[in-house]
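A.B. asks: In order, the protein sequence lines correspond to chains G and B. Using full-length UniProt numbering, read the first sequence as starting at 1 and increasing by one per residue. Using full-length UniProt numbering, read the second sequence as starting at 1 and increasing by one per residue.
Among the hints, a few may not be true.
[Said to hold, decoys possible] Output of the computed footprint for chain B on chain G, the stretches with three or more beta carbons under 8 Å from beta carbons of chain B:
#1 55-65
#2 127-140
#3 143-154
Keep in mind that the hints were calculated from the coordinates and are not lab data. Here a beta-carbon is modelled for each residue, glycine too, at the ideal position from N, C-alpha and C.
Number of protein chains: 2
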Amino acid sequence: MKSKCFYCFLFLIFLGFQDCCEGRWLLASPKPDRDNAAGYARWLVSHSSWGILRNVVSFSDGVVDKSTGIPYFYLTTLDPTARNALKDHRSSLTISENPLGTCGNADPENPVCAKITLTGKLVLLDANSKESKFAQTALFTKHPEMKGWPKSHNFRIFKLKIKNIFMINWFGGPKPLTVGQYLKYKM
Amino acid sequence: MKSKCFYCFLFLIFLGFQDCCEGRWLLASPKPDRDNAAGYARWLVSHSSWGILRNVVSFSDGVVDKSTGIPYFYLTTLDPTARNALKDHRSSLTISENPLGTCGNADPENPVCAKITLTGKLVLLDANSKESKFAQTALFTKHPEMKGWPKSHNFRIFKLKIKNIFMINWFGGPKPLTVGQYLKYKM
Numbered sequence: 001m002k003s004k005c006f007y008c009f010l011f012l013i014f015l016g017f018q019d020c021c022e023g024r025w026l027l028a029s030p031k032p033d034r035d036n037a038a039g040y041a042r043w044l045v046s047h048s049s050w051g052i053l054r055n056v057v058s059f060s061d062g063v064v065d066k067s068t069g070i071p072y073f074y075l076t077t078l079d080p081t082a083r084n085a086l087k088d089h090r091s092s093l094t095i096s097e098n099p100l101g102t103c104g105n106a107d108p109e110n111p112v113c114a115k116i117t118l119t120g121k122l123v124l125l126d127a128n129s130k131e132s133k134f135a136q137t138a139l140f141t142k143h144p145e146m147k148g149w150p151k152s153h154n155f156r157i158f159k160l161k162i163k164n165i166f167m168i169n170w171f172g173g174p175k176p177l178t179v180g181q182y183l184k185y186k187m
Numbered sequence: 001m002k003s004k005c006f007y008c009f010l011f012l013i014f015l016g017f018q019d020c021c022e023g024r025w026l027l028a029s030p031k032p033d034r035d036n037a038a039g040y041a042r043w044l045v046s047h048s049s050w051g052i053l054r055n056v057v058s059f060s061d062g063v064v065d066k067s068t069g070i071p072y073f074y075l076t077t078l079d080p081t082a083r084n085a086l087k088d089h090r091s092s093l094t095i096s097e098n099p100l101g102t103c104g105n106a107d108p109e110n111p112v113c114a115k116i117t118l119t120g121k122l123v124l125l126d127a128n129s130k131e132s133k134f135a136q137t138a139l140f141t142k143h144p145e146m147k148g149w150p151k152s153h154n155f156r157i158f159k160l161k162i163k164n165i166f167m168i169n170w171f172g173g174p175k176p177l178t179v180g181q182y183l184k185y186k187m
């Protein structure tokens with residue numbers, strides 16, 4: 001039997017192929033410097049395809065050439081996540097860098113493997129708005145199977161209006177980062 | 001260039017090698033039938049190495065031949081997760097099946113890609129107890145780098161005392177599953 005590291009090597013080759021299989025391997029740009037808090041946060045959100053928002057949910061913050069930093073969701077009110085959000089909008093989305101495969105051998109809890117929590121309000125978008133159309137394209141591009149999700153399940157487009165950001169991407173505690181710095185950062 | 005699916009194939013070969021690289025690829029047993037709610041929940045918790053508990057945290061529910069279903073954590077009070085837990089014990093741990101690589105091409109939000117939320121109380125273990133020694137072995141086996149985490153950071157062992165389970169692993173809403181059924185299930 002070949003050394004196991006041979007297979008690790010094959011895996012690394014695999015990671016280099018950027019449009020294979022699933023959104024979580026789509027690494028279109030390299031990881032920014034860790035001291036570039038806004039850049040790192042935007043990179044992490046833009047490249048991730050899922051996180052925890054009361055439950056595991058998929059999201060997208062834009063299309064390939066237009067990342068907004070705003071997480072958009074396609075949720076059904078059959079699920080408590082969306083149902084509860086319509087009653088109490090307060091929500092937070094937590095994302096780990098681990099699924100991107102860019103933490104090397106670092107344990108998921110190690111501060112060098114980044115984690116971000118975006119806290120704010122989860123709001124339903126007006127289905128006829130320009131933003132809703134953009135969000136739908138952003139979601140369907142990153143999550144192609146959403147196009148075929150059953151109409152009868154009443155999926156709606158939501159966004160997280162970010163009020164606060166908590167990101168750890170190195171030792172020394174959370175990085176100071178305002179919502180304004182985060183949103184205006186150009187990817 | 002070879003077809004991208006050639007690399008997907010290599011990736012699948014890689015997944016078959018069970019003790020390569022990181023805990024998240026340690027798939028020691030096959031996915032149970034989806035109607036076996038207790039079995040599926042225990043499989044998902046036992047094979048996963050991280051989840052969201054207010055923030056991204058690593059955990060372990062046992063050692064290779066002894067899975068307990070109880071998530072144990074190694075947390076520093078320098079982090080708000082542990083600090084807040086000492087004031088208000090109510091916590092929930094959410095885990096996605098996605099990082100295990102067993103969801104095929106299913107989107108992370110698709111109900112066939114399982115997600116589980118264990119709700120309960122996060123409690124600090126007495127460092128001299130038998131359970132704490134077992135938990136430490138469970139954690140250090142699944143997360144070897146924890147052994148070297150700085151003593152000065154005051155890492156302590158916590159467990160989640162599970163009060164409620166919410167698991168989706170197929171269409172049709174959450175699977176009925178009591179904490180008793182979950183804990184007594186033999187892996």
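A.B. asks: Taking the hints in turn, state whether each one holds.
C.D. replies: How the hints compare with the structure:
Under a criterion of three residues with beta carbons nearer than 8 Å to beta carbons of chain B, the stated coverage of the stretch 55-65 of chain G is upheld, 4 such residues being counted. With a cut-off of 8 Å between beta carbons, the stretch 127-140 of chain G has 0 residues touching chain B; three or more are needed, and the interface restraint is violated. Proximity of the stretch 143-154 of chain G to chain B, defined as three or more residues with a beta carbon under 8 Å from a beta carbon of that chain, is established by the 3 residues found.
In this structure, only the earlier hint numbered 2 is contradicted, and the remaining ones agree with it.
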